[in-house]
Amino acid sequence: MFDKPILQIENLSKQYGEGCPHCQQKGAELERNFCPICKTVYACKDISFDLYEGEILGIVGESGSGKSTLMKSLYFDEEVTTGEGYLTHFGGGKENIFTQSGQQQRWIRNTLLGMVYQNPMLGLKMDFSSISNIAEKQIAAGNRNVDNMVTRSNELLDKVNIPINRSKEPPKNFSGGMQQRVQIAKALSSNPPILLLDEVTTGLDLSVQAAVLDLIKTIQRVLGISMIVVSHDLAVIRMLADRTVVMLNGQIIEEGLTDRILEDPAHPYTQQLVYSLL
Amino acid sequence: MNKFPFAFLDEQSKKEIRRAILKGVAIPGYQVPFASREMPIGRGWGTGGLQVTLALVGKEDVLKVIDQGSDESVNAVNIKKLVQDTTGIETTIHTSEATLIQTRHRIPEVPLRSDQILVLQVPEPEPLRPVERSEFKTKQLHAEKEYSGAWLLLFEQIMRYNQTTQGADYPVLVHDRYVMNPSPIPRFDNPKINNSDALMLFGAGREKKIYAVPPYTKVASIAFDDYPFEIERFEGKSCKVTGLSNIFLDEMTDEVTGETYYLCNDTSFMKEFLEKRGTVYVR
Chain A
1 MFDKPILQIE NLSKQYGEGC PHCQQKGAEL ERNFCPICKT VYACKDISFD LYEGEILGIV
61 GESGSGKSTL MKSLYFDEEV TTGEGYLTHF GGGKENIFTQ SGQQQRWIRN TLLGMVYQNP
121 MLGLKMDFSS ISNIAEKQIA AGNRNVDNMV TRSNELLDKV NIPINRSKEP PKNFSGGMQQ
181 RVQIAKALSS NPPILLLDEV TTGLDLSVQA AVLDLIKTIQ RVLGISMIVV SHDLAVIRML
241 ADRTVVMLNG QIIEEGLTDR ILEDPAHPYT QQLVYSLL
Chain B
279 MNKFPFAFLD EQSKKEIRRA ILKGVAIPGY QVPFASREMP IGRGWGTGGL QVTLALVGKE
339 DVLKVIDQGS DESVNAVNIK KLVQDTTGIE TTIHTSEATL IQTRHRIPEV PLRSDQILVL
399 QVPEPEPLRP VERSEFKTKQ LHAEKEYSGA WLLLFEQIMR YNQTTQGADY PVLVHDRYVM
459 NPSPIPRFDN PKINNSDALM LFGAGREKKI YAVPPYTKVA SIAFDDYPFE IERFEGKSCK
519 VTGLSNIFLD EMTDEVTGET YYLCNDTSFM KEFLEKRGTV YVR
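Read top to bottom, the protein sequences are chains A and B. For the first sequence, the residue numbers in our numbering are 1 to 278. For the second sequence, the residue numbers in our numbering are 279 to 561.
Think of the hints as simulated: they come from the structure by calculation, not from any bench. Zero decoy hints are in this set.
Within a straight-line C-alpha distance of at most 30 Å, the following computed BS3-like cross-link-like pairs (lysine-lysine) qualify:
no., chain 1, residue 1, chain 2, residue 2
1, B, Lys415, A, Lys168
2, A, Lys125, B, Lys417
3, A, Lys172, B, Lys415
Coverage of chain A stretches by chain B, computed from C-beta distances (three or more under 8 Å per stretch; other residues unrestricted):
no., region
4, 102-115
5, 132-145
Backbone N, C-alpha and C fix where the C-beta goes; we use that ideal spot for every residue, glycine too.
With the hints as constraints, model all of the structure from the sequences given.
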């Protein structure tokens, strides 16, 4: 079904702290992902995965397992400690995106990636009109024609079911679900081949969650965008993801088709996670 | 006997400020940090411009100070007095006689020459501040020439009011490299910075920054393709006293009749115009 990887991540690690001889040993005993001696936090450790064209990859794990750090690293909000990443749309898939200059990384962010944060405050300018929020990525990608940007932004607002007559209202006037939809429209505004979604439905009530998930599914079907969806909610992963990786203490412990992971989990932690559903 | 050194500041301070100015001239539009001194006027009242003026002023200089186009406002007079008291130099209200002009909110109407220096007082030097609070990040954005924030501000104005409403401090791109706040001069004055004969220096005392536009530098006001930059227009209006209409006008109200009328904002320009005509304006 998916034959070409669009993003390849190899041995991505992100640590907070210098590390010490104890925690730098292979197989050192840590308290979860935290060194008890030097207090270094290994938020992500040797993460490797591929994202295929048109695929939705789910990342699941408990709080503190490193999911959000991984997403922030992919979107260059955090600098990785070590690791390599290759995008087929950048440098022919041969240049490590994590060692590029700030300018190049900003270009990748603005044109090849879209991000929807769990907290809309991180992804939107709450005092600016929604249409400006959406146009921001187009401006950053070099568009200098207002009419073009207005047309494109209105199209996107329509796509995410925000009434056009509210396009000039700031997101702070909107409900949580609408704010997430504005974020999705913004993430799509530069037509990126990859969309990163970090706990997009957390904090929303069930009916709004369903509407947002439905929207994401529709966008993926219509536009064929590849997506990485991070969630601690297995129902979200079940609904969206084709393939899923399970993270624990900053590491990937299991990877496979979502159905297989949820129906026949191999790792004891995944089994615990799947069977602990209320 | 004057108890202050020449031009108030000690020589080390002047040297440091001159170095910042030179760096600013070498990198047009780049904000150079400097150790802004305590001055005998409050921060926000022109201390940045004053320090630049004091670091540059020589015994042969003739100084003009204006505030909102007026030579006679309290702030302009006080700054002029401070410089004069500590240097003994001549002051003038005539733009063409001055070698050093310190100004707040205006560039004089009389075209400047290559032997003149214009010093502008700056309250907020950072054009990206409304979209980015962190100084660390704005420095990074300048380094990476990432100015979408400045464009976004204009876009938001167009969305809200169908036009750019930035009346003063309209951002400019200097030498195709740095986006710069030209200080709160009206849009009307922005084109005067482009390819100017005179050196233009900008001092922000509170924010501790100095920047410069050297003579004959390309300075373009940023604008979208379909919403071009426009200066303020005073169509159908003219100065009540001089009859001129191609200058920056102040809107005034007659206290007795309540009638609205317009006057030249640059008072010395108006005075010179009337003197040439052999008339005097009495309010």
